[in-house]
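*Asks:* Given next are the chains, with one letter for each unit.
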Amino acid sequence: MDITFENVTYIYQPNSPFEHKALDDVSFHIESGSFVAIIGHTGSGKSTLISHLNGLSVPTEGIVSIGDYHLSKEDKPKNMKELRSRVGVVFQYPEHQLFEETVEKDIAFGPANFDVPQDEIKKRIDAIVPAVGLPTSVLERSPFDLSGGQMRRVAIAGVLAVKPDVLVLDEPTAGLDPRGQKEIMEMFYSLHKEQGLTTVLVTHSMEDAVKYADHVIILNKGSKYMEGKPEEVFTQKESLNQVHLDVPEMVRFINSFKERFGEEITFEKQTIKELAQMIKSVVKGAKV
Amino acid sequence: MNNSLIIGQYVPGTSIVHKLDPRTKITIIFFYVFTVFFANSLPSYGVLVVFALASMLTSRVPIRFIMKGLTPVWFLIIFTFILHLFVTKEGTVIFDVWIFEFYSGGVIQGFAISIRFFLLILVTSLLTLTTTPIEITDAIEDMLRPLNKVKFPVHELALMMSISLRFIPTLMQETDKISRAQASRGVDFRTGPIKDRIKAVVPLLVPLFVSAFKRAEELAMAMEARGYQGGEGRSKLRELKIELRDIMVYLLFACVMAILFLTRTYS
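These protein sequences, in sequence, are chains A and H. FYI, the numbering used here numbers position 36 of the first sequence as 53, with every residue one higher than the one before it. FYI, the numbering used here numbers position 230 of the second sequence as 220, with every residue one higher than the one before it.
Quick caveat, the hints were computed from the structure, so don't treat them as lab data. Check the hints yourself; a few may be wrong.
Taking CB as the label site, the calculated pair distances span [unchecked claim]:
1. A/T153 to H/A215: 55 to 65 Å
2. H/L134 to A/E99: 54 to 64 Å
3. A/G192 to H/C245: 54 to 64 Å
4. A/E91 to H/M162: 53 to 63 Å
5. A/E276 to H/I6: 26 to 36 Å
6. H/A102 to A/E99: 17 to 27 Å
7. H/L161 to A/G84: 34 to 44 Å
8. A/Q287 to H/L195: 49 to 59 Å
All residues carry an ideal CB built from backbone N, CA and C; glycine is no exception.
Let's have the full structure, built from the sequences with the hints guiding it.
*Replies:* Structure, rendered in structure tokens:
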């Protein structure tokens, strides 16, 4: 589903001394099937932005459109539940939302709320549990007996079991060990490819953004600061530093390479292997 | 988020009302609340109203914000007023409608009680609006210190109070977060039959309790790791100190009391 923000402003606790503008005139368009990374410093409005994607927040001004659903102050869709079944949100530390007696019941909770028939739920659970990297033996256990990493996977499975068209991920790998982080991101990415999902990833990690996203939106203090392809956005070191963000490691490497050897290499989201190949050809041609 | 109830919400500021020693504020409010019930003449009410409005204005908390916060109380005030109108049968009959007769005493009594109510709520909410919960507990701990002599655990009580106050916003945030997460999973907290709505609370309460217990355990551990061992011999980061302004305010308040008791009618 296409996602469009048109001049969206969101104010917390309006008309009180605690009034706070979390989003200020934000506009952008996300095409159906793309993988978008939203990046920003703490307090830049990322979490507020994603809460608009399934109608948890309704803009104070402006319009948010998700497919055929339109959210504005004057016009809230009556079928909010339907919207929520099509937009799955994995919140920060999603393991805090677990509550059922068994893992199986917890994963089934979402789809059951959206009236998915029992046998279909069973089928989905059987497919999803191995996909998120859990052994089927956990199904009968209490989610509170699992390790933090496993709890996270259960919570993610609970969101995926609804089979949303749009997947919103709010720092899904925060607090996991490096290997778990990689596994989970790879899992999301392959799901994105296989099922043609529209994925919105909120992250602090430039590396993840470079690796997976095909569109990047940078927020600063509630406003859109930059937007574009990762290879365009991430090469603008000065602008990024101004909002306390850093360029990805690979760009840093290419920059120092240029300083040291005076040779240009353009950053085009290449893998480490491809970069090594390019360096090889550049260095071979030059005198070292 | 429910923000219509402001009692307990602190609005930061630098006014003299904010800067007063919390013990001064609590003492004055205690006596104020006490004397509100002694007022019985127009001038004595006038003195009390002027004092309350003056403190409200000097606190520089937006008036609109205070009034909005008092909305739930308006209902109570109007209710008591109407009750007095019907029930009190003193003075002369002013007018009558159908079988009801309204007496002048009822109107006066109704006004008096409403004003008392209004003043009580206004000054007490002014206390919490201009004083942080930590300051209030510090002050209470200090004022209850004499009870230590009878082996009353004053410090522990104050600690319990400040910890629970400290965690109210945290738990509110947590509730908000979890209810958003569950709403995204299709829980409907707002519509549907009562039975379903009660059921919808379970996915909210279980995670909330789990995290509250976890938090309590972590806090206990962190306190112990830093050698916490109770109030004995413990020094304070924020020492409460009576300043010149506190004395001035006490004097001012004494004058207000004096005027009040002078203008009160004795019969």
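*Asks:* Do A/E91 and H/M162 keep their Cβ atoms within the hinted range of 53 to 63 Å?
*Replies:* For H/M162 against A/E91, whose Cβ atoms are near 29 Å apart, the range 53 to 63 Å is violated.
*Asks:* Can the suggested window of 26 to 36 Å be confirmed for the beta-carbon pair A/E276 and H/I6?
*Replies:* 59 Å, violated
*Asks:* Please test the hint of 17 to 27 Å on the beta carbon pair from H/A102 and A/E99.
*Replies:* About 57 Å separates the Cβ atoms of H/A102 and A/E99, which means 17 to 27 Å is violated.
*Asks:* Evaluate the given range 49 to 59 Å for the C-beta pair formed by A/Q287 and H/L195.
*Replies:* 50 Å, holds
*Asks:* Taking 54 to 64 Å as the stated bounds, is the beta-carbon spacing between H/L134 and A/E99 within them?
*Replies:* 57 Å, holds
*Asks:* Taking the CB of H/L161 and the CB of A/G84, does the distance hold inside 34 to 44 Å?
*Replies:* 36 Å, holds
*Asks:* Does the Cβ-Cβ separation between A/T153 and H/A215 fall within 55 to 65 Å?
*Replies:* 40 Å, violated
*Asks:* Does the beta carbon distance between A/G192 and H/C245 stay inside 54 to 64 Å, or does it fall outside?
*Replies:* 60 Å, holds
Hint compliance for this structure: hints 1, 4, 5 and 6 are not met, and every other hint is.
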